[in-house]
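Colleague: Residue-level listing of the chains:
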Amino acid sequence: LEQAANQHTLDPDAISLLAKKAHGGDAAAFDKLVNTFWPDIYRLVYYRVSSQMDAEDLTQEVFLKAYRNIKSLKDQERFKPWLYSIAVNLVKDHYRRKNVRSVVGGFGEEMEAPASAQVKLQDEGADEKVARRQVWAEVERFRDSLPPSERDVFTLRFMDGLNIREIAETLKRSESAVKTHLYRAVGKFKKNNSLLRILRGEA
Amino acid sequence: MSMQQHLSNDEVIIAVVDPADLSPEKREHLESCRVCRVELDKLDADLVGLGETASHMVEVPPRNFELPGAEQIHHELSGEMPRRPETRWQNWWSRQGQLSLAGGLAMAAAVVLALMVSLSPEWKSNPPLSLLMAQEQELNFILAIPQEPEPLLGMLADASEPLSPFHRFLVGDDDTEEDNEFMEFLAPEKDGNLTSLDRRSVG
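Protein chains in written order, with my numbering: chain A, 1 to 203; chain B, 1001 to 1203.
The set of hints was computed from the structure by calculation and includes no laboratory data. Among these hints, one or two may not hold up.
[To be verified] Below are the DSSO-like pairs computed for lysine-lysine, each with C-alpha atoms no more than 27 angstroms apart in a straight line:
id, chain 1, residue 1, chain 2, residue 2
1, A, Lys-172, A, Lys-65
2, A, Lys-21, A, Lys-65
3, B, Lys-1042, A, Lys-65
4, A, Lys-20, A, Lys-179
5, A, Lys-92, B, Lys-1042
6, A, Lys-98, A, Lys-172
7, A, Lys-172, A, Lys-92
8, A, Lys-179, B, Lys-1042
9, B, Lys-1042, A, Lys-190
10, A, Lys-179, A, Lys-71
11, A, Lys-98, A, Lys-20
12, A, Lys-92, A, Lys-74
Owing to the predicted nature of the structure, the values given are computational and were not obtained by experimental measurement.
Using the sequences provided together with the hints, build the complete structure.
Modeller: Next up, the structure:
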C-alpha cells in the first residue's frame, strides 16, 4: 500500500482504507493520501487558476483543509469527491479574494506570465514550445467560451478524470444535471474544429 | 433500428457521455454499426486526447509542505486548531498590510471622533470630561495672556475717562448746553407723545 501511495496510484479500496485510518487520527495514512492525490489536485487547481505560484499555494491549502476536517467526512469511501469539492471551492474562494483585491487596488500583487507561457516548457525545442503554447491557448479559449456550469463539469470529466457520480458528489448536483451540462459542452467541443485539429496534430 | 439509419449527432454525444442513457435498440445498433462506432470512437479519442494533452502540459512540482506533527493531531481532535502555515500572499499581506491597516484605523477613528463632536447635540451639551479639561486648559492659557501688557490697558482706561473742565476748555469742549441740545435732536427722549423739543416749543 505504501509503495502504491508513493507511486501516486491507489485503487478505490486502498483509498477508502487510508481515509478510514486518517479519519481515526492516523496522520501517516493521511500523508499517503496527500502523496497520492498531490499531482491530480495540483493539476485541477492549475487548470483553473493558470498560475504556478497560486496553484502551489492552493494545493497546499486544499490538503491542510482536508486534514483539519477529515473528522467531518462521514463516508470515507467518498474521500475523493470530498477532496475534490474542497479543491473546487477553494479555487472559487481564490477568485473571490482576487476580485476583492482587484477592486481595492491590487495591493501590488505579483504578476505572473500568462498560463500559456507557464506550461511545461523545459527541455523542449523552440518549435515544440510554440506548439504547446498554441495547444494550451486553444484549450483555454474553448473552456472560457463555456458557461460556468458546463465548464465545471466538462473540466472535471475530461481533464480531471472524474466519473459522473464523482462529479455530482463534488459539485453537489444531481447526476442528471451533470449529464445535461456535459451533453451541451461535448456538443460544443465536437463543433470546435480549430481545437480538434490541434489535438489531432493536424494544425 | 436498421443498419442504414445511423445515430444522430446528439445520440453520439449521449453515447460518449453515458451510453446507458441510449435506448436498448440504439445501444444494439451501436454494437453492430461500424459507421456509428467510428464516429463514437473519434469523439471519444478527441476527449481523451484533450485530457492527456492537458495533463502532459502541466509540470507538477514536488510536494512542498508537511502535515502538522502527531502531537498537533491530538490537539486538533480535541478541538484545538494548529497554526496554519501562511501562503505566499498571506505573508505578503501580513508584511504590507499591518502598517497601512494601523494607519487607516487611526485615521478612521479621528474622522469618527470629529464627526461625533461636530454633529452630536448631546455631545455639545454634555461634552466628555477630557474635552472639558482641554477647554479649561485653553481658557487658562487665554486668561494668562493679558497679565503681561497691563500698563497698556491702564493707559487705555485713563484715556476713556471724562476730561477735566480745564482740559475741556483747552480743546474747546466747554459748551455742554449745545451738545445736549444736539443730542436731543439726534435721539429725542420720549415723554408721552411729546419730545423734549416739542415741550420746549409748547412751553
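Colleague: If a hint holds in the structure, say so; if it doesn't, say that too.
Modeller: Hints versus structure:
no., hint, in the structure
1, Lys-172(A) <-> Lys-65(A), "holds, 18 angstroms"
2, Lys-21(A) <-> Lys-65(A), "holds, 17 angstroms"
3, Lys-1042(B) <-> Lys-65(A), "violated, 40 angstroms"
4, Lys-20(A) <-> Lys-179(A), "violated, 30 angstroms"
5, Lys-92(A) <-> Lys-1042(B), "violated, 34 angstroms"
6, Lys-98(A) <-> Lys-172(A), "holds, 24 angstroms"
7, Lys-172(A) <-> Lys-92(A), "holds, 15 angstroms"
8, Lys-179(A) <-> Lys-1042(B), "holds, 20 angstroms"
9, Lys-1042(B) <-> Lys-190(A), "holds, 10 angstroms"
10, Lys-179(A) <-> Lys-71(A), "violated, 31 angstroms"
11, Lys-98(A) <-> Lys-20(A), "violated, 35 angstroms"
12, Lys-92(A) <-> Lys-74(A), "holds, 24 angstroms"
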